[in-house]
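Undergrad: As a plain string of letters, each chain reads:
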Amino acid sequence: MSKFLLPAAVVLVLLGIWEAGAQSGVIADILGIRESAGTVLVPAPSEIGESLWQDRELLLDNSWITMQEIGLGLAISVMVGIGFAIAMHLSEIMRHAFYPLVVASQTVPIVAIAPVLVILLGFGIGPKLAIIALICFFPITVATLDGLRAVDPAAVRMMRTLDADRLAILRRLELPAALPHFLSGAKIAVAIAAIGAVFGEFVSADEGLGHVIRQAQANLLTARVFAAVVVLSVFSLALFGLLSLIERRVSWWGKSVD
Amino acid sequence: MTSATIEIAGLSHAFGKLRVLESLDLRVTADEVLGVVGPSGCGKSTLLELAAGLEDPDRGTVAVAGDRKRSARLARCAYMPQRDLLLPWLSALDNTCIAPRNQGVSKHAARERAQPLFDRFGLAEFARSRPNQLSGGMRQRVAFLRTLLAGKPVLLLDEPFAALDAITRGEMQEWLAGALNAEARTVVLVTHDVEEALYLCDRVVVLSSRPASVMTELTPRAPRDPDRTAAVTDASFTALREEALESLHEGSR
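These protein sequence lines are chains A and B, in that order. For the working numbering, count along the first sequence from 1 and bump the result up by 91. For the working numbering, count along the second sequence from 1 and bump the result up by 154.
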C-alpha cells in the first residue's frame, strides 16, 4: 500500500505548493513574470484541470493523431530494431559494418535533421514516423542484440546436438531468451517516443498534441500547454505500464539461459 | 534405430598451448555403456564434445558408426550437458520435444512421442510443469528424456548428476539404470564419481591427468542392478572401486 501512498502523497504536496504559489502570484514573482488581468502565464494545477475539461474535445481529437503516430512509429522501431539486431547477431560482417552506423545515428541532432525530413517526406505522417523511428529503434536494437549475444554457448551447443540448424537455434533458443532484453529496450523506446512525436509535430503539422502545444504557446494559453503535456504523459505512462506488465509475465525466464 | 559403435584412434587435442588429449585410443561397442572417469580438467568433456561432432580433433580420428565426418557424428550422437539447460519458457514436455521439433516433427506429433516416456519413467504428473517448478533431480530426468527423444543411437552424458546432492544422485543413478536397461543405446558416461561409473556402466576406463591417456579398464560384474544399495555394497564392487580409486590417484600425480 505504501508503494502507492508515498508517491501519491509527494505528488499531492507538490501540487498543493504549486497551487498556492500560482494562485498567490509568488511563482510569477520569483520568475519575474507580470501577469496582466485576464491572462494566466503560470497556471495553477486547478486551472490545468479546468483546461483539461474545457478543451477535452480538442485534446482528445489531437491525442488520437499523436497516439497513432507513436503507435506506428514504435511498430516501425520494433521491426527495424529487431531486424538490425538479428542481422548483426547472425553476421559478423553485418555487425562490423552497421554497429558504428547504428551508434552514429544517435549522435545526429534531431533538431537539425527534422526540417530535412520534412523536405524529403512531405508534411504528412512520414517525417513524424521517421523521427520517432530514428530515436526509438536504437534502444531496441542494442538491447535485443545484447540479449541474443548473452545466450549461454553451452545451450547453443546442446541445440546443435539436438539437430537444430542456425534458424532453429535463433527461433527456439535465442529469440525467446532475448525477449526480456528486448522488453527493456522497448520500455526506453516508449518513454522517448512521445518526445519524438511532439517534436515532429512542432516542425510540421496542423494537428496532433505537438501542434496544440505550439498553438497554445503562441496564444499564451499556458494552461492548455500543460493540459496537452498531461495527456501525453498519461498515454506514455500507460504504454510503459503495459510493457512492464508483459515484462513481469516473462521475467521469470530472464536469467535462466543467459 | 540401428546401434552404433564409437572408434577413437590416436586422438590429440589442444586448446592453444594446453594439450588436453594425447594419442588416445578408445572403442565403444554397439549398445555398450562406457564410463569415463578421471581427475578434474583431464579432458573428459572435450572427449565428449569431439565425439559429438561439436569439434574436430587436432589429430587422430573419431568415428561413429564407422563415419568420421563431423556432420555424421552430430547426426548420430545426442549430448546431455552437465547443467540441464532446460528452456524456462517451455513446459517439461515441450523441452523434451526440442529435437523432434528441430527434425521437422509437428508439435502435436512430438508431444505424442514424448508423453509415453513421461508415463514410463515416472514423470507423468510433471509433463506440464515449467522447469522452475521442478527439483534438481526432476530437471535432470527431463534433460535425459530430451536427449533420449533425439532418437540417436549414441548418448553422450557429461557428468549428468554432478550438481545434485548425494541422496538425489543415488536415486537418479537407479532411475538412469532402469532407463538404460529399457532403452538400449551406445552410451558414454563421463563422471568424476567412480561409484556412479561402476554401477551404471558395462566397462569403465580411468583416465590420467592432462594430457589424458587410459590408465586402467574395469569391467563391473552386474551393471545397472535394480537394487542399487545391494549392488554398491557387494564385495566385488567394493574391490573394483578400490582399484579404480587407486588408479585415479596414481593418474592424477
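Treat the hints as calculated values from the structure; they're not laboratory data. Heads up, some of the hints might be wrong.
Stated by the list, open to error - No farther apart than 20 Å at their CA atoms in a straight line, the calculated lysine to aspartate or glutamate pairs in the EDC-like style are these: (1) B:Lys223 x A:Asp256; (2) B:Lys261 x A:Glu183; (3) B:Lys261 x A:Asp254.
Undergrad: All hints are to be evaluated individually against the structure, with a verdict given for each.
TA: Against the structure, the hints:
Distance hint between Lys223 of chain B and Asp256 of chain A is fulfilled; the C-alpha atoms sit about 17 Å from each other, no more than 20 Å. The straight-line distance between the Cα atoms of Lys261 of chain B and Glu183 of chain A is roughly 33 Å, outside the 20 Å bound, and the hint therefore fails. Straight-line distance between C-alpha atoms of Lys261 of chain B and Asp254 of chain A comes to about 16 Å, which keeps the hinted pair within the 20 Å bound.
Hint 2 from the earlier list is the only one contradicted by this structure; the remaining hints agree with it.
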